[in-house]
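The task is simple: from the sequences and hints, build the whole structure.
Going from the sequence shown to this note's numbering is simple: count from 1 and add 9.
Keep in mind that the hints are not guaranteed to be accurate.
[Unchecked claim] Label-pair ranges, simulated between beta-carbon atoms: (1) T39 <-> G195: 29 to 35 angstroms; (2) R15 <-> I171: 55 to 61 angstroms; (3) L192 <-> E113: 19 to 25 angstroms.
[Said to hold, decoys possible] Simulated pairs of lysine to aspartate or glutamate, EDC-like, Cα-Cα distance not exceeding 20 angstroms: (4) K91 <-> E113; (5) K91 <-> D48; (6) K91 <-> E121; (7) K91 <-> E43; (8) K91 <-> E120; (9) K91 <-> E125.
FYI, nobody ran anything at the bench for these hints, they're computed from the structure. Even for Gly, the Cβ is constructed at its ideal location relative to N, Cα and C.
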Amino acid sequence: VSSQDRSVHSLLVSLPIVGASCGGKIAYLTSLAEVSIVDIHEGESRSGTLSINSSQDADQKDSQDGTRKQHLLSCSILANIKTETEPSFCALGPAHVVVALNNECWFYSIEEEAPEMNFDYITSIESIRLNSRHAAILSEGRIHLHRIASQAGDQGVDKNEIVLPGSGASGDVTSVAMTETFLIAGTG
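Right, dumping it as structure tokens:
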């Protein structure tokens, strides 16, 4: 859009879809440099929450007393985190959210809302998975496994990273998943 004073204004008409989930938590981009984290839970609405009636379950009848069952989904906002840059994707774990752009990622604690650490990789980051203690970063067919700082006194990521597959191994990793006890890699 141009104006009479010869300035040109460009407007962003939609945000890119950036989001992640972990258990009952959802992280999503709410502005170009802010990620919001909400907790979705079933049950009665609590103060400070948004309640949503589940229309699919609202018409079901309880077999014992014939009354209608209503399930409420409530959203509690856990954090609104200002990020260092506009992320291209994010990952969510039980206690951390990570935002990434190209070859750089920023780890944030959900409770503190301040960047815990910033980490650079030599190549572009393709995917990130988190559990409560570790981060698995897929980059150029390799998984970089780090420990996330979780105890007082820890700073950032443990410098002793594990890179999989190791040197001399054949095949590139094409996908990664993570549970609390397992790291799962798909190769092509």
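*Unsatisfied constraints (hint numbers, rising)*: none
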